[in-house]
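What follows is each chain in one-letter form.
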Amino acid sequence: MAEAIASKIWVFVEQRQGRLAEVSLELIGKALALAEPLGWPVAAVLLGHQVEPLVERVLAAGPAEVLLIEDPLLADYCNQTYAKALAGVVVPARPEVFLLGATALGADLGPRLAARLRTGLSAHCLDLELTPQGELLAVVPGWGGNFLARISCPKTRPQMATVRPGLFPVPQAGPAKGRVIRLAAGLDPADLTYRIKAVEREEVRDSGLETAEVVVAGGWGIGGPEDWGCLEELAAALGGAVGATRPPVDEGWAKEHQLIGTSGRTVKPKLYIGVALSGHLHHLVGLKNPGLSVAINQDPQAPIFEQADLGLVGDFREIVPALIEAIKSY
Amino acid sequence: MRLIVCLKPVPDPKHWNKLRLDPETKTLVRAGVPAVINPLDKKALEASLRLREAHGGEVIILSMAPPEAAPVLREALAMGADRAVVLSDRAAAGSDTLATAHILAGAVRKIGDFDLILCGDETIDGGTAQVSAQLAEFLDLPNLMHVSDIQAGPPGPLLVRSLIEQGSLLVEIAPPAVLSVAKEINEPRYVTLMNILQAEQKEIAVWSLADLCLSEPCIGLQGSPTQMADLFAPQRTKRAEMLAGEPREMARQLADRLHRLGYC
Numbered sequence: 001m002a003e004a005i006a007s008k009i010w011v012f013v014e015q016r017q018g019r020l021a022e023v024s025l026e027l028i029g030k031a032l033a034l035a036e037p038l039g040w041p042v043a044a045v046l047l048g049h050q051v052e053p054l055v056e057r058v059l060a061a062g063p064a065e066v067l068l069i070e071d072p073l074l075a076d077y078c079n080q081t082y083a084k085a086l087a088g089v090v091v092p093a094r095p096e097v098f099l100l101g102a103t104a105l106g107a108d109l110g111p112r113l114a115a116r117l118r119t120g121l122s123a124h125c126l127d128l129e130l131t132p133q134g135e136l137l138a139v140v141p142g143w144g145g146n147f148l149a150r151i152s153c154p155k156t157r158p159q160m161a162t163v164r165p166g167l168f169p170v171p172q173a174g175p176a177k178g179r180v181i182r183l184a185a186g187l188d189p190a191d192l193t194y195r196i197k198a199v200e201r202e203e204v205r206d207s208g209l210e211t212a213e214v215v216v217a218g219g220w221g222i223g224g225p226e227d228w229g230c231l232e233e234l235a236a237a238l239g240g241a242v243g244a245t246r247p248p249v250d251e252g253w254a255k256e257h258q259l260i261g262t263s264g265r266t267v268k269p270k271l272y273i274g275v276a277l278s279g280h281l282h283h284l285v286g287l288k289n290p291g292l293s294v295a296i297n298q299d300p301q302a303p304i305f306e307q308a309d310l311g312l313v314g315d316f317r318e319i320v321p322a323l324i325e326a327i328k329s330y
Numbered sequence: 001m002r003l004i005v006c007l008k009p010v011p012d013p014k015h016w017n018k019l020r021l022d023p024e025t026k027t028l029v030r031a032g033v034p035a036v037i038n039p040l041d042k043k044a045l046e047a048s049l050r051l052r053e054a055h056g057g058e059v060i061i062l063s064m065a066p067p068e069a070a071p072v073l074r075e076a077l078a079m080g081a082d083r084a085v086v087l088s089d090r091a092a093a094g095s096d097t098l099a100t101a102h103i104l105a106g107a108v109r110k111i112g113d114f115d116l117i118l119c120g121d122e123t124i125d126g127g128t129a130q131v132s133a134q135l136a137e138f139l140d141l142p143n144l145m146h147v148s149d150i151q152a153g154p155p156g157p158l159l160v161r162s163l164i165e166q167g168s169l170l171v172e173i174a175p176p177a178v179l180s181v182a183k184e185i186n187e188p189r190y191v192t193l194m195n196i197l198q199a200e201q202k203e204i205a206v207w208s209l210a211d212l213c214l215s216e217p218c219i220g221l222q223g224s225p226t227q228m229a230d231l232f233a234p235q236r237t238k239r240a241e242m243l244a245g246e247p248r249e250m251a252r253q254l255a256d257r258l259h260r261l262g263y264c
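For the record, the sequence lines run as chains C and S. As numbered in the numbering used here, residues 1 to 330 make up the first sequence, in order. As numbered in the numbering used here, residues 1 to 264 make up the second sequence, in order.
To be clear, the hints were calculated from the coordinates, so they are not data collected in a lab. Warning: the hint list may mix true and false statements.
[Claimed, not checked] No farther apart than 25 Å at their CA atoms in a straight line, the calculated lysine-lysine pairs in the DSS-like style are these:
no.: 1; chain 1: C; residue 1: K270; chain 2: C; residue 2: K84
no.: 2; chain 1: S; residue 1: K18; chain 2: S; residue 2: K238
no.: 3; chain 1: S; residue 1: K18; chain 2: C; residue 2: K197
no.: 4; chain 1: C; residue 1: K155; chain 2: S; residue 2: K14
no.: 5; chain 1: S; residue 1: K202; chain 2: C; residue 2: K255
no.: 6; chain 1: C; residue 1: K177; chain 2: C; residue 2: K155
no.: 7; chain 1: S; residue 1: K183; chain 2: S; residue 2: K110
no.: 8; chain 1: S; residue 1: K26; chain 2: S; residue 2: K14
no.: 9; chain 1: S; residue 1: K18; chain 2: C; residue 2: K288
no.: 10; chain 1: C; residue 1: K155; chain 2: C; residue 2: K197
no.: 11; chain 1: C; residue 1: K177; chain 2: C; residue 2: K84
no.: 12; chain 1: S; residue 1: K183; chain 2: S; residue 2: K14
no.: 13; chain 1: C; residue 1: K255; chain 2: C; residue 2: K268
no.: 14; chain 1: S; residue 1: K26; chain 2: C; residue 2: K270
no.: 15; chain 1: S; residue 1: K26; chain 2: S; residue 2: K183
no.: 16; chain 1: C; residue 1: K197; chain 2: C; residue 2: K270
no.: 17; chain 1: C; residue 1: K288; chain 2: C; residue 2: K268
no.: 18; chain 1: C; residue 1: K268; chain 2: S; residue 2: K238
Note that the coordinates shown come from a computational prediction; the quantities given were computed from them, not determined experimentally.
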């Protein structure tokens with residue numbers, strides 16, 4: 001290797017067909033914040049074929065180094081080629097921390113790479129801390145969000161983690177301070193163990209959830225599609241968007257793209273109204289710093305009342321129509 | 001086709017309100033919480049049964065579980081699996097995903113020839129979704145996650161649909177391989193009384209880790225690079241300010257607040 005790699009925290013930069021995953025930039029920002037007290041440089045690792053046009057955007061997020069691994073065999077994502085190429089650079093450089101987004105791709109690559117490196121990986125993290133000794137503590141959800149665990153990886157390096165998208169802000173693009181280090185992938189055509197025959201993208205149905213200032217979310221207690229409409233009406237009256245917890249999506253009352261929380265979207269509204277939902281962590285992890293949160297639920301013991309600012313105990317079938325009427329009266 | 005299904009007994013989510021955190025040991029007290037087949041593993045089993053029905057062959061359950069989990073494996077056999085292998089060994093306790101994958105890989109090697117290993121994408125308890133990919137890595141096999149459809153026309157490669165954000169990939173992958181399934185793949189069948197009776201005859205082999213010739217430092221707590229530094233319930237210190245009155249009154253108070261904040 002011609003140039004020595006100085007960085008201690010590495011962030012995997014995810015791209016498919018040249019499309020950069022935003023979570024990678026979020027993680028570069030988080031890594032820079034974690035590394036600062038220790039004075040550790042941060043690297044972004046970009047793999048692919050003809051992905052150099054993405055380097056500028058990555059550098060603008062502020063890493064000290066961009067490790068660029070280009071190879072025609074990396075044109076389509078395959079976990080074995082990607083894990084092999086990454087292990088080839090991680091092993092000699094010995095970074096302390098290696099972060100990936102907890103996306104479909106990152107959640108597939110992370111464990112494969114961790115097994116290859118015989119190191120530990122914390123999955124779907126909600127938060128990361130770095131101790132003054134350089135020990136990574138990752139907060140992960142478990143047991144349907146009933147409990148949280150803080151996971152460490154004391155014996156092996158790198159300490160790996162996949163982190164949920166949407167938790168940290170994308171750093172503002174600034175002047176490029178880092179340098180680009182080109183590295184060889186070291187791949188053989190036999191490493192490509194499956195072939196992607198087709199990519200089928202659903203029409204991007206932007207529900208506006210992620211950018212909405214008002215989010216009305218419904219849960220299991222809505223009971224069926226016939227009552228789902230009142231949420232749409234309430235959201236419309238407030239100029240907001242409708243989201244859902246897992247059960248209404250599974251039941252088909254709400255659409256997959258309306259799912260808020262684990263394996264769904266992260267929303268950052270100024271006003272959140274949770275209707276007939278219990279408030280499990282798997283939903284609430286998708287709700288970032290709402291300005292005002294309101295809960296409407298029949299059950300006064302529902303955990304949502306321990307998270308919300310304002311609580312209304314009662315039947316949403318009575319409260320929501322009255323609320324829409326009152327809102328419209330202004 | 002010879003199909004191995006990895007299956008984990010997990011505490012029944014219907015009874016999770018009984019789970020308690022022991023503040024001393026920082027462990028979960030699971031007393032009184034019965035075990036069920038992890039829901040996505042059940043779908044992996046269903047997918048395997050359908051492949052066997054279409055192409056012939058054998059479906060083998062592989063599970064790392066304490067002996068108490070036997071009823072759960074009986075259910076899997078009643079669904080139609082041919083036989084089960086259970087790894088029951090105290091030395092496996094405390095295994096994280098890496099150590100678990102290492103142990104399962106040893107068991108798969110002992111089972112021998114196979115076309116596919118099927119798993120659920122993730123379990124409902126730990127939910128790390130790591131074991132399938134790590135198992136594949138240890139066996140040096142290709143793997144796909146988030147699988148929603150498997151088209152097999154042996155001999156030759158399989159055509160597998162793998163879900164990604166806003167879409168899916170159609171992937172050609174040759175057996176032997178590891179596939180982990182997403183919830184979209186199927187609805188598992190129900191078992192009948194007849195199925196349950198037939199399952200009584202089926203074999204559940206119990207293996208210990210010594211049967212697998214694994215190296216000691218790779219299993220259990222010792223072989224687990226990750227450690228749980230802390231386990232805690234999410235902060236529930238806040239208590240919402242509760243609005244009082246009849247539904248219409250509460251709605252009016254809320255609308256007033258929203259009006260003052262400029263939302264209407």
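We went through each hint and held it up to the structure:
1. K270/C <-> K84/C: With a Cα-Cα distance of about 44 Å, the restraint between K270/C and K84/C is violated, given a limit of 25 Å.
2. K18/S <-> K238/S: 23 Å, holds
3. K18/S <-> K197/C: Violated: K18/S and K197/C sit about 47 Å apart, past 25 Å.
4. K155/C <-> K14/S: The hint is violated at about 37 Å.
5. K202/S <-> K255/C: 42 Å, violated
6. K177/C <-> K155/C: 33 Å, violated
7. K183/S <-> K110/S: 29 Å, violated
8. K26/S <-> K14/S: 22 Å, holds
9. K18/S <-> K288/C: 29 Å, violated
10. K155/C <-> K197/C: 41 Å, violated
11. K177/C <-> K84/C: Violated, at about 29 Å.
12. K183/S <-> K14/S: Holds, because 18 Å separates the two Cα atoms, which is no more than 25 Å.
13. K255/C <-> K268/C: Status holds; Cα separation ~19 Å.
14. K26/S <-> K270/C: 36 Å, violated
15. K26/S <-> K183/S: At roughly 31 Å apart (the allowed maximum being 25 Å), K183/S and K26/S break the hint.
16. K197/C <-> K270/C: 43 Å, violated
17. K288/C <-> K268/C: Roughly 5 Å between the alpha carbons, so the hint for K288/C and K268/C holds.
18. K268/C <-> K238/S: 19 Å, holds
In the structure shown, a violation is registered for the earlier hints numbered 1, 3, 4, 5, 6, 7, 9, 10, 11, 14, 15 and 16, in ascending order.
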